[in-house]
Structure formats: structure tokens, C-alpha cells
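Student: Chain residues, written in single-letter form:
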Amino acid sequence: MPKLLTGAEIVFKCLEDQKVEHIFGYPGGAVLPIYDELKNHPSIKHILVRHEQGAGHAAEGYARSSGKPGVVLVTSGPGATNVVTALTDAYMDSVPLVCISGQVPTHLIGTDAFQECDTTGITRPCTKHNWLVKDINDLSKVIHEAFKVATTGRPGPVLIDIPKDIQFAKTKYKKPNKEKKLNGKSHNKFSQDQIDELVKLLSKAKKPIIYSGGGVINSGPKASQALREFVELTGFPITSTLQGLGAYPGDDNQFLGMLGMHGTYEANNAMHDCDLLINIGARFDDRITGKIDEFSPNSKKVHIDIDPSSINKIIKVDLAIVGDVVSVISKINKTISKRKNGHRKSNKSNIAKWWEQIEKWREKDSLNFVNSDESIKPQHAVQRLYELTKNKDTYVTTEVGQHQMWAAQHYKFNKPNRWMTSGGLGTMGYGLPAAVGVQIAHPEKLVIDIAGEASVLMTMQEMSTAVQYNLPIKIFILNNQYMGMVRQWQELLHEKNYSESYSEALPDFMKMAEAYGCKGIKADNPDDLDDKIQEMIDYDGPVIFDCHVDPNENCFPMIPSGKPHNQMILGPNDQKENKIKGKGKALV
Amino acid sequence: MPKSKSAYSIPTKKQKPDTYIFVVWVDNEAGVLARVVGLFSGRGYNIESLAVAEVDAVKNISRITIVTTGTLQVIDQIRLQLTKLVPVHKVAEFKREDKDVIFKEMALFKVVGKRNKIEKCLNACKKFNPVILDETKTSAVIQITALRREIDKMNKKLKPLGLISTSRTGAVAMTRGAKIFN
Chain E
1 MPKLLTGAEI
11 VFKCLEDQKV
21 EHIFGYPGGA
31 VLPIYDELKN
41 HPSIKHILVR
51 HEQGAGHAAE
61 GYARSSGKPG
71 VVLVTSGPGA
81 TNVVTALTDA
91 YMDSVPLVCI
101 SGQVPTHLIG
111 TDAFQECDTT
121 GITRPCTKHN
131 WLVKDINDLS
141 KVIHEAFKVA
151 TTGRPGPVLI
161 DIPKDIQFAK
171 TKYKKPNKEK
181 KLNGKSHNKF
191 SQDQIDELVK
201 LLSKAKKPII
211 YSGGGVINSG
221 PKASQALREF
231 VELTGFPITS
241 TLQGLGAYPG
251 DDNQFLGMLG
261 MHGTYEANNA
271 MHDCDLLINI
281 GARFDDRITG
291 KIDEFSPNSK
301 KVHIDIDPSS
311 INKIIKVDLA
321 IVGDVVSVIS
331 KINKTISKRK
341 NGHRKSNKSN
351 IAKWWEQIEK
361 WREKDSLNFV
371 NSDESIKPQH
381 AVQRLYELTK
391 NKDTYVTTEV
401 GQHQMWAAQH
411 YKFNKPNRWM
421 TSGGLGTMGY
431 GLPAAVGVQI
441 AHPEKLVIDI
451 AGEASVLMTM
461 QEMSTAVQYN
471 LPIKIFILNN
481 QYMGMVRQWQ
491 ELLHEKNYSE
501 SYSEALPDFM
511 KMAEAYGCKG
521 IKADNPDDLD
531 DKIQEMIDYD
541 GPVIFDCHVD
551 PNENCFPMIP
561 SGKPHNQMIL
571 GPNDQKENKI
581 KGKGKALV
Chain R
1 MPKSKSAYSI
11 PTKKQKPDTY
21 IFVVWVDNEA
31 GVLARVVGLF
41 SGRGYNIESL
51 AVAEVDAVKN
61 ISRITIVTTG
71 TLQVIDQIRL
81 QLTKLVPVHK
91 VAEFKREDKD
101 VIFKEMALFK
111 VVGKRNKIEK
121 CLNACKKFNP
131 VILDETKTSA
141 VIQITALRRE
151 IDKMNKKLKP
161 LGLISTSRTG
171 AVAMTRGAKI
181 FN
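Just so you know, the protein sequences line up as chains E and R, in that order.
Numbered per our numbering, the first sequence spans residues 1 to 588.
Numbered per our numbering, the second sequence spans residues 1 to 182.
Chain E on its own, in the form it takes in the complex (with noise of 0.2 Å):
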């Protein structure tokens, strides 16, 4: 007969299975079981953190830059709502969480006991999917499916609430079922037929661009090889969302950059002026669309994606391939390689004046700022940033604001997973937290979160499991002293009333860095930023960098919402053309 396991055994029985080497959690009573486990199953490493948001964040980030699920252990009550952020954040930018929460004992379920809350019904929005675990039986049969929820299809967080007596309760141990298939819900349903009919779409286009997203990065490496393959062979133009940043080299003639409500202006009138839009892995999100009913109103779409309910959200497209990236677009590549004589020469003579088009548009150089020598551009901090660590294989997270909006801007990435930035849900306090999942992840490469002072201090508890970990991260915030894109719509849309964006009694960064135990370093002066820059490289161990930079500045171009892609407002250069709108816009 084989040995009988408690629920606590069986549950790290389950995360070995699973392969799992990091959890990032903080005890309590309900979980207690199984914290009291943990002694004895050494390949797994607790991260302790100092909120359960942080454990949350922190498993996104070892999860977007491994490609592992990340897994978080909580208690009960408080524990469970703390890490309800960082399931949404997670839900909207299809993250593979597993979380694992306590949960008092199946009979005070429903008494309002100590720390009691409904777990499930909480995080029934917010999750692909979660379980209440209320027989010893089911414990390993649900953690298993579980981790194949979350990283099967479109991934996502799930989460297993588990009460203590079931911690206690004895049971014998299921291993995973192998070929057990998910309720019938397959996720490559694409035919060669769909793949024949984009490869002629993609013959007759004269103004075709490529729109990749964050479906790219998740679909793995193999994905991003694959589309930088399909990029070549069609010559065509590509741009990406702020998720997609990494999977298309940055700094490749052929990007053209971010898109969308803070993208370039080549990209955005590009996806406005194209006959034929791809889109490989993104969601038509508001903040790319920009105005539904005038968003590139004279193109053929397709959309190739693994979730079949964002086909035709938002935006009606002509041809939809239901599949994961990878597999679609390497069938597209054989595709098109079989027929390749035909294609290679008519397409790229095709689209030759396209080309031209786009560089009249790259010529305004719209990401361009007027730099100073009296104070820090947050812009320049951003570049001298990319310019100084580029080399290295860097990974950088960000918060939420004009910080991120920048860093997507200035800083290219060049391989997938090195950019993990909160894009759906826009969790300020997200990029420390997630910076420490990252490190924990890739214990020797360099990890920056830039950050604004506003977001990190939402999260700033948490430069103490850095520093427990010895994690040398790297939090690089371009401090201006306001909620600087609150400050920046104001500025622009309400009439200048600053209402409550002034940060008043910020901390002394210096000695907020001294207190934690790591090293601090201030930059104020545009002539000190690199050597500020390289010494923060160069310390090792954590560092907390205050980095002033013009509290004025805003970030452009931009699109004005309820506006369409053609109708950008450019940064302070261009601000005299700018009186040119509409139409008149159009035609530069």
C-alpha cells in the first residue's frame, strides 16, 4: 500500500512535479501546514516578501523573463485580498501564476472565522480559473490541472484556495496525468487554407505593416525567431505594443517602433494609411486603437491569436487565425519559402514606395526632445540608460506613468523577455517587486526597474527582500516629484489645475537606500549621469538610484484619446506644425 501524505506534503509533492524552484510567499495562520513542510523539500527556495502584492509582482517577473510559471504562497484573509492586484495585473497581461492560499478550516467555513474571506468569489474575476479544495482526495489531481490551466493556451493566474484541515488531512499522492486533455479545448484550430489565403493577402499588399503584441513573448523564444524570420522574408514594416517590445530587434531598420497612444509617428500613420494590417499576438487594446470607427479604415486585418474571444472584440477583422504564434507563423514562413521565387521579387518592388513613405515620416524624428545642460531630461536619463548597459544582457521593469512610457520609447530591447512592464491593468508598484522575481529568475544578469518616485514608493517595503536575497537590482527613478502623467493630462486636458499630482514629503531617497541596507546614489546634474550611471552598474548589490530629472517635461508624441491615429500631437519641436490638424495632418 503506498504511504499516506498530508495535504502540506502533497502539496510541495505537486510543485516538484511541476518543476517549480522559487515560490515567493509570507506565512500565516492558515498556510502554516505547509510553511512547516518547506524544511524538507530543499530543491524548492521560499522568497519571503513584505506584502503579498510584492510576492505577487515578483512571481510575474520571474515569470515573464523565464517563461515559468511563477507560484505564490499566501494565507488566508488579508494575504489572499493583498495578491488580488497583482492576479488582475497578471489576468490582463496573461501572466502564468499559481497561487496557493490558506484558508481556515472546512467547518468555520462561512462563520466570518479570524482572517476568513471568500478567497474564490474574490478572485473568480480576476483568475482563468480557481479551486476551493474541500477533499484531501482532490488536493493533487486539481495542483496539477491547475499549473496546466495557467500555462496552457492564453496563459493566466490561477489560484487553489486550500483550508487548513486539508493541510493537515492524509491522502495518497497523484502524479500528473500526461495526456489528459483540457475539457476539449484545443488551441490550434488554423488550416493550411487560412495560412494559403494570408500568403496571397500578403502578395498583393502595397502598404502592408506588421503588429505584434505580447503574445509573441508569450508563445516563447522560438516565436520571436520565427517572426523576426517572417519579418525578413516579407520585407515588410513591423511595429509592436509596449508587451511586444523585445520580440522584433529595437534597433532594426525594418521596426518602426511602439505603437499607439505614446508610439511614433511612423508607426501610427503607418497602421492608419496600411492596406494590409497583421496583427500577430495583441489585442486591438484602447490605448492602440485610439478612435474605433476611424482606426485604419482602408485595410485588410488579419489577427492571429491563441484566444478566440479576442477576435473581433473590438475591432472586425477580414481573416482570423486561431493558434499559438509559433506554430502559425512558422507555418506561414514554409509557406511562403515554398513559393518564395514568385514572391520575394514581386513583393518587396511592391511596397518599395511604402518605404519611401514611412522614412518621410521617420524624418520628423518624433520621439526627438529638446535636451538641456541645466537639468536632467528624463528622456536622455532613459537613453544614457540604454546607451550604458546595452551591451550587457540586460532585463529592465518598470513601473506605471510617463517613466514607462519613456523607457518603451528610448530603450530598445533586441530579445524577448527582457521587458516586463504592468500594460493591461497599469499597476503603479508593479517594477520592484517584479524586479526581484527577475533577479531571483537570472541571478547573474543585470536588472534595472525604472521607475517614477510616485509607483516605487507604492511598493518600496520590498527592497528589503533585495536586500535579504542580496538581489542587486537596480531602481532607477527618474524623480520629478509629480504623478507625472496625471500631471501631464492635466496640463493638457484640464485647464492646468494640478488637483493632487504634486508629491509633497517625499522621502530622502539617500537615506531611504541607507536605511534598507543598500547602496544610494543621487544625480541632479546632467555632466555627472554617466559616471552616476556606470558606478550604479558596477555596485554589486542593490541600488537605489534618484535620479532628478525636469519636473516639466511631458512625454510626446502622443495621441489624444477619442482621436485617430493620424492626428498625433508631437513633442515641443514640432508643436508650431502641430496648428496643421486633420486632413491637412495627414498629408505631411
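Please keep in mind that the hints were generated in silico from the structure rather than gathered at the bench.
Treat the hints with caution; some may be incorrect.
Here are a few chain E residues that face chain R, going by a calculated C-beta distance under 7 Å [claimed, not checked]:
id : residue
1  : Arg124
2  : Pro125
3  : His129
4  : Pro308
5  : Lys313
6  : Asn391
7  : Lys392
8  : Ser561
9  : Gly562
The C-beta atom is built at its ideal place from N, Cα and C for all residues, glycine as well.
Based on these hints, arrange chain R on the given structure of chain E.
Tutor: Same frame as chain E, but now just chain R:
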């Protein structure tokens, strides 16, 4: 046009909504109805009526029938979002006007009054298979099965005849002929 002061776009023209019936086969497990209903409320879809019960005790399958309104795009989304839920096995939807589908609701009417009024009520319900479930000298409970709007109509019509309480189910649906929902 007034200047947009929002960080979000302004809603644009909308299509006309239609009424659809969804039939959803789910694992009969704790919380499954909350998942389905939560999806509707969370995404702002409308539920006109809802009927749910286990239909296969061996395979543990429940069948949920939901009447909803929405534009074609919304209806597509509802189907695709429902299909994504882990305990959902199969989703079928059809227009209310679909001639190939039978669509029924049941109502219980409690009528209080003299015998002749109750008789009048029964008479009025004649077309809808009335069954008397309970009868006293001064009251009756009448069961009818009909379409939603027919029940609405009867509800109004019986008020002056002594109807004091109505209880009704959501709609259930079944295809005509030998074929079943795909």
C-alpha cells in the same frame, strides 16, 4: 465637437440589439453558476432570464439556459467568453425568432375568488396547457407553459380576475426534429 477631457475614448455608434438564447453545458460543481453569471455581470451583458438544473447525474452535467440581449458582436463575445470557462463543455446560441427551436417558460398563477372567476381564468389560459395543481373553494393554483410574452399577457389579463401571486421560471429550449445542439 466638445473637447475630450477623458483618458478614454468616447462611445461611438451602436448597432441594434437582438434577443438570443444561450444553452450552456457545464460541470455541476460548486461556484459554476457564479462563474457564468459573474461573466455576464462583470462584462456588462444583460440577463433576461435564467434556468439551470442538472441534466445528467452520471456525468455530473448541468444545463444552463440564458436569455440575453446584445448586438451580434456582443453575442459572439458572450459565446467565446463562455467557451473559455474551464467547467464549460459546450455552448449553443440561437435567435429567439429561430423556428427550429422550441422555447418555453412555465408559470404558476394563484387566483383567489369565486368559482366563476377561477373558471374564467382557466378558460383564458386554455391555449397554454393549464393544469390545476391545487384547488380550494376560494382559490386555485394554475400552471401554464408558454412563451415569455404570452405569460406577460396572461399575467395582465388575470389580474382583474383575482390573480394575487405569480411565480415563473426562466426559459428552457430544445431543438425540433432529430438533431441536437451542435
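Student: Find the hints from earlier in the document that the structure breaks and name them by number, from lowest to highest.
Tutor: 6 and 7
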